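*Asks:* For reference, the chains in residue letters:
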Amino acid sequence: MLAILKREMRNYFTSPIGYVYLAVFYFFAGFYFFGSTVLPNTTDLSNVFSSLFIISLFVLPILTMRLMSEDLKNKTDQALLTAPISLFSLVMGKYLAALAMFVIGISVTLAYALVIALFSTPDWAMLAGHFIGLFLLGCALAAIGMFISSLTENQVVAAAGAFAASLGLMLVDGLSSLTQNTLLKKIMDGLSFNSHYTSFTQGMLSLKDVVFFLSICAVFLFLTVRVFEKRRWN
Amino acid sequence: MLEVKHLTKTYGGKRAVDDVSFTVERGQILGFLGPNGAGKSTTMNMITGYLASTSGTALIDGLDILSSPVKAKSKIGYLPERPPLYMDMTVREYLDFMYELKAVRLPKEEHIGEICELVKISDVYGRLIKNLSKGYRQRIGIAQALLGNPDLLILDEPTVGLDPKQIIDIRGLIKTLGQKQTVILSSHILPEVQAVCDRVIVINKGRLVADDTPEHLEQAMSAEHRLTVRIAGPEEELFRLLSALPGMLEVHRLGERESGTFEFSLETGREQDIRRELFFRLAEKGWPLLASRPAGLSLEEVFLSLTSESESGPGEQTDAENSEAQEGGEA
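Keeping their order, the protein sequence lines are chains F and C.
Under this note's numbering, think of the first position of the first sequence as 1, with each following residue one higher.
Under this note's numbering, think of the first position of the second sequence as 1001, with each following residue one higher.
I should point out that these hints are in silico values taken from the structure, not numbers from a laboratory.
None of the values given here were measured: they were computed from a predicted structure.
All the given hints hold, so there is nothing to weed out.
Chain C residues, not near chain F, derived (Cβ > 10 Å throughout): (1) Ser1021; (2) Leu1162; (3) Lys1180; (4) Asp1198; (5) Phe1239; (6) Ser1259; (7) Arg1275.
Per label pair, the in silico range of CB-to-CB distance: (8) Gly1013(C) with Ile54(F): 44 to 50 Å; (9) Leu191(F) with Asn1131(C): 43 to 49 Å; (10) Met1087(C) with Val210(F): 38 to 44 Å; (11) His1006(C) with Val211(F): 45 to 51 Å; (12) Glu229(F) with Ile1189(C): 31 to 37 Å; (13) Tyr26(F) with Asp1123(C): 37 to 43 Å; (14) Val211(F) with Asp1123(C): 52 to 58 Å; (15) His1006(C) with Ser206(F): 52 to 58 Å.
To spell it out: a stretch of chain C is covered by chain F in this simulated footprint if at least three of its residues, at any positions, have a beta carbon under 8 Å from a beta carbon of chain F; those stretches are: (16) 1041-1053; (17) 1095-1106.
Every residue gets a Cβ at the ideal spot worked out from N, C-alpha and C, and that includes glycine.
Put together the whole structure using the sequences plus the hints.
*Replies:* Right under this line is the structure:
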């Protein structure tokens, strides 16, 4: 697992992908930090974090698109799948690499907190809650992206699929306000990433939301393993 | 060492590999012979655990590849049909990665260095794999399979893409490896298998059609003897003279080559050696024999003779061909 994690991390930085992701993420994070914290003269970072929800939805596919597709296309999966490691550690190695990149991206918010700390005292507990929320969102999105990547050997399709999934997650909110059916509305609200994430940015760290993101993550990790299993048996 | 039991693989209702069973003893070099799409790669992929079998299994040192895959895989070094190389890595990075992935416990620098010497890739150690030629890539693939000195080496067409000198080197290497390790190699080149292997398994349309030593196989294959000759002289009279030779089964005209010289293909019984008789009769007439060479059996003929026994009807053949096409699509 560690070997795969290391290889994937190195791959992010020997190809443009890692740099593109970090540049895009830092640019937008910096933009919102300037626009919603520095300009209005506040120590409150919650607006930054709520904007990063959308940014994460759209930049994470960059990280996950090649995770599995590239191996399928170049047949390097034959080396991975005939090596003496379990399927689960193969999937985890790749997943943790994408997640590590995501964390490198969101860590920039800690720098913002330090900048604020130079002038005043930021609310550290609230910040920790924000950060955990964003991290959990990343866990869930990376798992979804990796799952989509494992379905195709075409990176473009993998990226487009992950974008579509992100868009879908955003649309769920809009749809639930349109529907009359209470049961359907309940299901849609329950599945809404936005509402689960928003409670973090409002300063609440509720077990319900933590469990929600972690279970999304577990489900898609499991499905990714199953995709590989199925491919073997076909 | 390796025990393959009734391996079967079905792709969408078509049988790509059909009830293949064999065992390989430690230190044996086994050749896997078959035309493209015969099921060689599929069989190898099942033995190495890349694909799961529809039914049947393979035991490596008694470890079942389906029920204890991690332990069984640690005993196998595998070079797939297309070497599984990461183009964006240097040879050093790639071998380091594979070393860690396989959790090899031998001293790292020394072990990797040794292998690089063995397959002669030390001179490109620091270069990116994507910039290397096919021959180098193939050898890096072999190097990767050798990491950790696995008991069982499975090489899928190891000499594809190599130049003649490299082919000879790799064949030599496989022979050396075969003294300690068990080697299975696939090929569709008959002389290659003859040169390296102790034993040959022939697969056609997913079925095992022969399992023997190369010598026996060759004898069984070549029921008749064939000779191609080039003679300067009048064509018609030559044809009559050749046809009248004792033990001659068939004479084919191959046409005029240089002006006034003709080539013929002669087919005689296996025990019959007509070369001396041929020389004296031609000398008598004063027609010089310019060239004479034995025409070996081509692989197609080997397969024709092997498969004509195992096939029952034309209907079945179409079926098998379909499954070949499908396998090609999956690859």
